[in-house]
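Could you build the full structure based on these sequences and the hints that come with them?
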Amino acid sequence: MADEVLLSAKNLVKRFGGLAAVNDVSVDLWRGRIHAVIGPNGAGKSTLTNLLSGDLPPTTGSIHLGGQDITGRSPERISRAGLGRSYQKTNIFLPFTVWENVRLASQSRAQHAASWLRRATGYAGTNERAEKAITLAGLEHRRDAVAGTISHGEQRQLEIAMTLATEPQVLLLDEPLAGMGTAEAERMVALLKRLKEAHAIMLVEHDMDAVFALADRLTVMVNGQVIASGTPEQVRNDAGVQAAYLGEEERS
Amino acid sequence: MSAAKSHLEVLPRSLQLLLVLGVFALAAFPFVSTDFYASMMARMMILAIFAMSLDLLQGVTGLVSLGHAAFFGIGGYFLSLVSSDSGTVSLWWTLPGAVLASAFFAAVIGFFVVRTHGIYFIMVTMAFAQMLFYLVFDNKEIGLFGLSLRLGGSDGVYINLKPDAALFDLENKKVFYFFTLGSLVLVYLFLRRVLWSPFGRVLAGIRVNEHRMRALGYGTFGYKLAAFTLGGGIAGLAGYLWGAQTGFVNPELMGFHMSAHAIMMVILGGMGNFAGAIVGAFAFEYLLHLFKDLPDIGGFRAGKHWQLWMGLFIVLVVAFAPRGLLGLAERVLRGKEKHHG
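Read top to bottom, the protein sequences are chains V and Z. Position 76, counted from 1, in the first sequence is what my numbering calls 61; the numbers after and before it change by one each time, with no gaps. For my numbering, count along the second sequence from 1 and bump the result up by 485.
A few of these clues could be false.
Here are some chain V residues pointing at chain Z (derived, C-beta under 10 angstroms) [stated by the list, open to error]:
1. LEU41
2. PRO42
3. PHE78
4. THR106
Not the full set, but computed from the structure, chain Z residues with beta-carbon under 8 angstroms of chain V [what the hints assert, rightly or not]:
5. ALA512
6. ALA513
7. ARG677
8. VAL679
9. SER682
10. PHE684
11. GLY690
12. ASN694
13. ARG697
What the hints contain is simulated information worked out from the structure, not anything from laboratory work. Yeah, the Cβ is synthetic: ideal placement off N, Cα and C, and Gly gets one too.
Put into structure tokens, the structure is as follows:
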């Protein structure tokens, strides 16, 4: 599987009234690479994620996924085109079991999703896909637990499992480590390393240790704009970044 | 989310047994009762079918429609429009016809309303139902493509002859009773099956978290429209049976009160599992008769103000048994076993 650009966003702008939450941002996501996006709160990272996933339409700019133009498409069509995302705030089906959460995600890729009269749990392909995702995310032992009752860290893992069950090419992960304990965070970092091989991953994250451990490329956003982009080494040594962001973080 | 607040979708053995006993009781009822009470029971069963059709939207998909009676009314009016006083019409095309006509209207109205959410959905469903209500209320007759449709205006229309089923005689009260009971059981089994199908799981997912469903790739509009259409079709079946049973249709069938009563039935019994809707429909109708028969208390006509008692009762149920009467029964049957939350 040769490295290739799976998702390419060019000159994205998102304005809310007079405010440009995302201002002329371009990113390329490659298969086999993790592209981290960092920046202080309000820098526009989540807005950028929402633009790529179709939750928000861009004001101007274009997004291509696997060669096709997906600019302005609905989230469900972008999802079906091969993009999966996880959310900063855990966004799962709380009253359902872990298994049903992942099975429902997996079912979205099946022809039979709208079938009326057979039992939903009786489809081998859907079950296999869900099984694979649940194992990858390391949640086998919790499959029968109700999603609302598992720990915060496990809910974050469930987010990832659901996203994986849709078999995406491109993964947008919005702070997957937020609120996790050390052991849980380590497991998640290991998982992301494994996922990188077959996916193009964009990682929005505050945990700098994880970012520098994982990222192949790094984009720094401040006030909606990209102030630096490159390898982690280049970015670490960028004077502008140190002044605007990394230094500031150390002071606080 | 606490267990008490989530829906009771899986019915425990004990409740299933209770439901089967209920069916036996309903089957025995006309033999131990008078025609008058058997007719009343048949009407309750019809309302139970109507409540189940709303539960598909309200309890399963999370779409609270305040205009569901429109489709109930269309089913009844369909029968009145195709009936004539000179001869009977066949059950075997008029019943599917009523279901399809209601489903068709539901699909058209649904196309506009399922795009909206929350309070807006409630408002637009009500608006559409009121449009149909006044269309019928204000017109004794309307012309359509050269056909003259007899709507009867605010007086309604009598349906003097029951549909002809060929195989059995619906004019016979007991036969009609069992036909209604059979419809109730079949609709229940059908909807339970839909509930656990891939389609039903998507509807439940939409209720819990529509945003996430879209991010997973589900085109939720189509699913909601399908649910709205299916619910409308089954409401039409109930309306057809109502028209045939009572021999009369009037605009009240699609009125605001009818829609509101159905919502209360579903809440009263417990949402999202269809069995609750049946229990709720029976409980609501039974209480309605009970409250209407209350004696005067010191000059206060308690029976006339039945809505007051009904309102209080529903408030009590919602406050102390958020999963409705069926949820309450489940808790009692489970005994002392503490529910975690």
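Would the stated hint for GLY690 of chain Z survive a check requiring a Cβ distance to chain V of less than 8 angstroms? holds (5 angstroms)
Given a cut of 10 angstroms on the nearest C-beta pair, is the interface hint for LEU41 of chain V held or broken against chain Z? violated (12 angstroms)
Are ASN694 of chain Z and chain V close enough, Cβ to Cβ, to be under 8 angstroms, as the hint says? holds (6 angstroms)
Next item in the hint list is THR106 of chain V. Is there a CB on chain Z closer than 10 angstroms to its CB? With a minimum Cβ separation of about 8 angstroms from chain Z (threshold 10 angstroms), the hint on THR106 of chain V holds.
Does PHE78 of chain V meet its interface restraint, that is, does its C-beta lie within less than 10 angstroms of any C-beta in chain Z? holds (5 angstroms)
Identify whether the interface hint at ARG697 of chain Z stands, where standing means a beta carbon of chain V within less than 8 angstroms of its own. holds (5 angstroms)
Holds or violated: the hint that VAL679 of chain Z contacts chain V, with Cβ atoms closer than 8 angstroms. With a minimum Cβ separation of about 6 angstroms from chain V (threshold 8 angstroms), the hint on VAL679 of chain Z holds.
Close enough to count: is the Cβ of PHE684 of chain Z nearer than 8 angstroms to one in chain V? Holds, because the Cβ-Cβ distance from PHE684 of chain Z to chain V comes to roughly 5 angstroms (cut-off 8 angstroms).
Hint check, ALA512 of chain Z versus chain V [nearest Cβ-Cβ separation less than 8 angstroms]: violated (26 angstroms)
Hint check: is the beta carbon of ALA513 of chain Z less than 8 angstroms from a beta carbon of chain V? violated (31 angstroms)
With chain V as the partner, please determine if ARG677 of chain Z meets the hint condition of a C-beta pair closer than 8 angstroms. violated (11 angstroms)
Would the hint on SER682 of chain Z be counted as holding, given a Cβ-Cβ threshold of 8 angstroms to chain V? holds (5 angstroms)
Violated hints for the displayed structure, listed by number in ascending order: 1, 2, 5, 6, 7.
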